[in-house]
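A.B. asks: In order, the protein sequence lines correspond to chains F and U.
Note that the numbering used here has the first sequence beginning at 1, numbered continuously upward.
Note that the numbering used here has the second sequence beginning at 1, numbered continuously upward.
To be clear, the hints were calculated from the coordinates, so they are not data collected in a lab.
Possibly wrong hints are sitting among the right ones.
Straight line, CA to CA, 20 Å or less: simulated SDA-like cross-link-like pairs of lysine to any residue [what the hints assert, rightly or not]: (1) LYS222(U) x GLU43(U); (2) LYS191(F) x GLY175(F); (3) LYS150(F) x GLU194(F); (4) LYS62(F) x VAL74(F); (5) LYS62(U) x GLU73(F); (6) LYS205(F) x ALA233(U); (7) LYS88(F) x PHE101(F); (8) LYS62(F) x ASP68(U); (9) LYS222(U) x ASN47(F); (10) LYS234(U) x GLU208(F); (11) LYS205(F) x LYS142(F); (12) LYS234(U) x ILE212(F); (13) LYS142(F) x GLU207(F); (14) LYS57(U) x PHE220(F); (15) LYS222(U) x ILE195(U); (16) LYS46(U) x ALA90(U); (17) LYS62(F) x ILE195(U); (18) LYS88(F) x LEU59(U); (19) LYS163(F) x ASP126(F); (20) LYS205(F) x LEU127(U); (21) LYS57(U) x ASP126(F); (22) LYS30(F) x GLU107(U); (23) LYS57(U) x LYS49(F); (24) LYS30(F) x ARG153(U); (25) LYS62(U) x VAL74(F); (26) LYS88(F) x VAL236(U); (27) LYS46(U) x LEU127(U); (28) LYS62(U) x THR128(F); (29) LYS234(U) x ASP126(F); (30) LYS57(U) x LYS102(F); (31) LYS62(U) x LYS102(F); (32) LYS57(U) x GLU107(U); (33) LYS102(F) x VAL74(F); (34) LYS62(F) x GLU58(U); (35) LYS46(U) x LYS62(U); (36) LYS49(F) x GLY32(F); (37) LYS163(F) x THR128(F); (38) LYS30(F) x LYS57(U).
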Amino acid sequence: MATFFERRQLVTPGDLLAKGDYIAGENTYKEGDGIYATRIGLVEYENKKVSVVALRAFYIPKVGDIVIGAVVEVGFSGWTVDINAPYKAILKASDVLNRQFKPQKNDLTEVLDVGDLVVAKIIAYDRTQNPLLSVSDPGLGKIARGQIVKITPTKIPRVIGKKGSMISLIKQETGCHLVLGHNGVILITGKSPEDEELAMMAIRKIEEESHISGLTDRIFQMIKREKEKRGGGISESKA
Amino acid sequence: MNQKPESLIKDGLRLDGRKPDELRPIKIEVGVLSNADGSAYIEQGKNKILAAVYGPKELHPKHLALPDRMVLRCRYHMAPFSVQERKSPAPSRREIELSKVVREALEPAIFMEYYPRTATDVFVEVLQADGGTRCASITAASLALADAGMPMRDLVAACSAGKVDGTIVLDLMDIEDKDGTADVPVAYMPNLGVITLLQMDGVLTLEEFESAVNLAIKGCEKIYNLQKEALRAKYVSAKESEE
Numbered sequence: 001m002a003t004f005f006e007r008r009q010l011v012t013p014g015d016l017l018a019k020g021d022y023i024a025g026e027n028t029y030k031e032g033d034g035i036y037a038t039r040i041g042l043v044e045y046e047n048k049k050v051s052v053v054a055l056r057a058f059y060i061p062k063v064g065d066i067v068i069g070a071v072v073e074v075g076f077s078g079w080t081v082d083i084n085a086p087y088k089a090i091l092k093a094s095d096v097l098n099r100q101f102k103p104q105k106n107d108l109t110e111v112l113d114v115g116d117l118v119v120a121k122i123i124a125y126d127r128t129q130n131p132l133l134s135v136s137d138p139g140l141g142k143i144a145r146g147q148i149v150k151i152t153p154t155k156i157p158r159v160i161g162k163k164g165s166m167i168s169l170i171k172q173e174t175g176c177h178l179v180l181g182h183n184g185v186i187l188i189t190g191k192s193p194e195d196e197e198l199a200m201m202a203i204r205k206i207e208e209e210s211h212i213s214g215l216t217d218r219i220f221q222m223i224k225r226e227k228e229k230r231g232g233g234i235s236e237s238k239a
Numbered sequence: 001m002n003q004k005p006e007s008l009i010k011d012g013l014r015l016d017g018r019k020p021d022e023l024r025p026i027k028i029e030v031g032v033l034s035n036a037d038g039s040a041y042i043e044q045g046k047n048k049i050l051a052a053v054y055g056p057k058e059l060h061p062k063h064l065a066l067p068d069r070m071v072l073r074c075r076y077h078m079a080p081f082s083v084q085e086r087k088s089p090a091p092s093r094r095e096i097e098l099s100k101v102v103r104e105a106l107e108p109a110i111f112m113e114y115y116p117r118t119a120t121d122v123f124v125e126v127l128q129a130d131g132g133t134r135c136a137s138i139t140a141a142s143l144a145l146a147d148a149g150m151p152m153r154d155l156v157a158a159c160s161a162g163k164v165d166g167t168i169v170l171d172l173m174d175i176e177d178k179d180g181t182a183d184v185p186v187a188y189m190p191n192l193g194v195i196t197l198l199q200m201d202g203v204l205t206l207e208e209f210e211s212a213v214n215l216a217i218k219g220c221e222k223i224y225n226l227q228k229e230a231l232r233a234k235y236v237s238a239k240e241s242e243e
């Protein structure tokens with residue numbers, strides 16, 4: 001029984017994290033009695049579980065996840081949606097229209113066309129089948145306005161923060177509404193493009209520096225600085 | 001063209017002043033291309049090689065997809081200006097073979113079974129060649145895969161050893177490769193102790209072959225440390241600039 005790293009230390013694929021009676025958590029694997037990392041990230045030891053919080057990863061669909069995707073194809077009975085994952089997702093027309101429909105009567109492009117963005121929930125997915133989406137819950141459906149930011153999917157929890165501290169900070173300071181897709185796509189809707197840009201900058205900063213502690217404070221300082229800069233700029237132009 | 005030198009080793013030192021068991025200077029950078037999902041750049045002596053990774057993504061045409069595992073596709077390509085005489089940009093017989101060799105050296109490191117029905121593309125572009133490009137390509141490509149977030153058993157480090165003027169030497173450069181007796185490229189996963197590529201071109205006795213492989217593995221271990229350093233550097237630099 002031995003561990004070879006400090007908690008939250010940076011590890012690379014292949015690093016031996018622990019030896020002995022441990023359980024392999026996320027982004028690790030077991031070979032013999034050793035636990036090894038499979039991705040670059042920060043190591044976590046939790047009782048007997050060893051896991052790595054990945055710094056680089058791609059999104060793998062999970063049932064129940066909220067995702068933001070773009071329609072890439074309109075078919076006879078539904079749409080194909082790019083959800084920033086290795087697999088294309090399917091959205092059925094019967095789910096969106098909430099009633100029976102006839103392909104010869106209804107034109108699906110009137111509801112959703114190629115390029116439209118949707119917020120949706122994954123309701124079915126396994127190794128053999130592409131993910132199936134649904135927009136029947138409140139808050140889901142076609143996106144009318146706002147801006148989109150893409151970040152590494154593993155960093156979504158960082159944008160939320162401890163008990164939602166980070167996301168409420170951004171919402172409060174910028175006055176924007178945020179929808180976080182588990183697939184690393186974030187929708188920002190604010191009162192003005194400037195507000196949206198500010199929220200976007202904050203999210204980009206979170207992505208770059210998510211592995212350094214004291215992040216919430218730094219984001220707060222950054223938003224404050226930016227606001228002062230802009231406030232100054234406006235008053236100067238007025239004078 | 002270069003004149004053939006009288007001897008490749010003088011007073012125990014090679015043409016570029018290296019000792020027999022010394023690597024060329026290596027510089028590695030990770031995440032150099034913003035459009036690819038993962039990328040890496042390596043300079044090993046005069047070699048300059050870029051590697052880029054896209055994926056995993058859906059495979060088209062679909063009949064090539066495998067129901068139980070991911071498909072890895074590799075392209076090793078030399079730029080027309082990478083060698084002394086212009087090389088035709090069309091893939092040559094040698095490049096097609098090396099694409100396969102690089103792919104097979106990387107496959108054991110990846111958890112292919114995690115992502116069935118998908119494909120990952122690895123592009124290796126040799127910008128300047130000076131011997132041992134297949135090894136440097138594997139070194140760079142495995143870093144590009146890790147940078148793309150691909151789950152891997154270990155990073156793959158690769159290095160060649162060989163026999164030049166009767167001496168077993170490490171990390172052959174172009175002229176030693178061409179005028180030497182033998183060349184043994186090895187790709188290796190140091191944490192697991194697994195060899196993923198082993199080739200030999202030339203003639204060696206059994207004892208010489210064994211010492212060449214052992215020397216190449218030692219070289220791989222040194223390169224492995226440089227790989228880890230380069231992968232970490234991308235994140236540590238962000239940390240330092242903040243403080």
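A.B. asks: Please go over all the hints and tell whether each is borne out by the structure.
C.D. replies: We went through each hint and held it up to the structure:
The suggested pairing of LYS222(U) with GLU43(U) holds, with an alpha-carbon distance near 15 Å, which does not exceed 20 Å. Of the supplied pair hints, the one linking LYS191(F) and GLY175(F) holds, its CA atoms being roughly 7 Å apart against a limit of 20 Å. Between LYS150(F) and GLU194(F) the CA atoms are separated by roughly 18 Å; this keeps the pair inside 20 Å, and the hint holds. Between the alpha carbons of LYS62(F) and VAL74(F) the distance comes to roughly 24 Å, so the proposed pair goes past 20 Å and is violated.
Between LYS62(U) and GLU73(F), the direct Cα distance comes to roughly 16 Å. Compliance with the 20 Å bound is thereby established for this hinted pair. A threshold of 20 Å between alpha carbons decides the hint, and for LYS205(F) with ALA233(U) the separation of about 18 Å falls inside it, so the pair holds. Proximity of LYS88(F) to PHE101(F) is assessed by CA-CA distance (about 23 Å); at most 20 Å being required, the pair is judged violated. Distance restraint check for LYS62(F) and ASP68(U): the Cα-Cα separation of roughly 19 Å lies within the 20 Å cut-off, and the hinted pair is therefore satisfied.
Proximity of LYS222(U) to ASN47(F) is assessed by CA-CA distance (about 34 Å); at most 20 Å being required, the pair is judged violated. This hinted pair checks out: LYS234(U) and GLU208(F) have alpha carbons roughly 10 Å apart, not beyond 20 Å. Of the pairs offered as hints, the one joining LYS205(F) and LYS142(F) is violated, with about 28 Å between alpha carbons and a cut-off of 20 Å exceeded. Annotation: proposed proximity of LYS234(U) to ILE212(F) holds, straight-line Cα distance about 13 Å (limit 20 Å).
Taking the CA atoms of LYS142(F) and GLU207(F), the gap is near 26 Å; set against the 20 Å cutoff, the hint is violated. With a C-alpha separation of about 37 Å, the suggested pairing of LYS57(U) with PHE220(F) is violated against the 20 Å cut-off. As the CA atoms of LYS222(U) and ILE195(U) are separated by approximately 15 Å, the hinted pair is consistent with the 20 Å bound. Of the pairs offered as hints, the one joining LYS46(U) and ALA90(U) is violated, with about 23 Å between alpha carbons and a cut-off of 20 Å exceeded.
Proposed proximity of LYS62(F) and ILE195(U) is contradicted: the alpha carbons are some 35 Å apart, above 20 Å. Taking the CA atoms of LYS88(F) and LEU59(U), the gap is about 11 Å. The hint holds against a cut of 20 Å. Only pairs whose Cα atoms come within 20 Å are accepted, and LYS163(F) paired with ASP126(F) is rejected, the gap being roughly 30 Å. A C-alpha spacing of about 34 Å is found between LYS205(F) and LEU127(U), which places the hinted pair above 20 Å, so the restraint is violated.
Distance hint between LYS57(U) and ASP126(F) is fulfilled; the C-alpha atoms sit about 16 Å from each other, no more than 20 Å. Distance restraint check for LYS30(F) and GLU107(U): the Cα-Cα separation of roughly 18 Å lies within the 20 Å cut-off, and the hinted pair is therefore satisfied. Under the criterion of a C-alpha separation no larger than 20 Å, the hint pairing LYS57(U) with LYS49(F) is inconsistent with the structure, at around 31 Å. Our distance criterion of 20 Å between C-alpha atoms is met by LYS30(F) and ARG153(U), whose separation comes to about 10 Å.
A threshold of 20 Å between alpha carbons decides the hint, and for LYS62(U) with VAL74(F) the separation of about 19 Å falls inside it, so the pair holds. Pair hint LYS88(F) plus VAL236(U) does not hold up; C-alpha atoms about 35 Å apart against a cutoff of 20 Å. Between LYS46(U) and LEU127(U), the direct Cα distance comes to roughly 10 Å. Compliance with the 20 Å bound is thereby established for this hinted pair. Between LYS62(U) and THR128(F) the CA atoms are separated by roughly 14 Å; this keeps the pair inside 20 Å, and the hint holds.
With a C-alpha separation of about 34 Å, the suggested pairing of LYS234(U) with ASP126(F) is violated against the 20 Å cut-off. The straight-line distance between the Cα atoms of LYS57(U) and LYS102(F) is roughly 33 Å, outside the 20 Å bound, and the hint therefore fails. Note on LYS62(U) and LYS102(F): the hinted pairing is violated, with a Cα-Cα distance of about 29 Å set against a maximum of 20 Å. For a cut-off of 20 Å, the pair hint linking LYS57(U) to GLU107(U) stands: about 17 Å separates their Cα positions.
Of the pairs offered as hints, the one joining LYS102(F) and VAL74(F) holds, with about 15 Å between alpha carbons and a cut-off of 20 Å not exceeded. Of the pairs offered as hints, the one joining LYS62(F) and GLU58(U) holds, with about 17 Å between alpha carbons and a cut-off of 20 Å not exceeded. A distance of roughly 41 Å separates the Cα atoms of LYS46(U) and LYS62(U); the hinted pair therefore is violated under the 20 Å criterion. Distance restraint check for LYS49(F) and GLY32(F): the Cα-Cα separation of roughly 16 Å lies within the 20 Å cut-off, and the hinted pair is therefore satisfied.
The suggested pairing of LYS163(F) with THR128(F) is violated, with an alpha-carbon distance near 35 Å, which exceeds 20 Å. Distance hint between LYS30(F) and LYS57(U) is unfulfilled; the C-alpha atoms sit about 26 Å from each other, more than 20 Å.
Checked against the numbered hints above, the structure breaks hints 4, 7, 9, 11, 13, 14, 16, 17, 19, 20, 23, 26, 29, 30, 31, 35, 37 and 38 and satisfies the rest.
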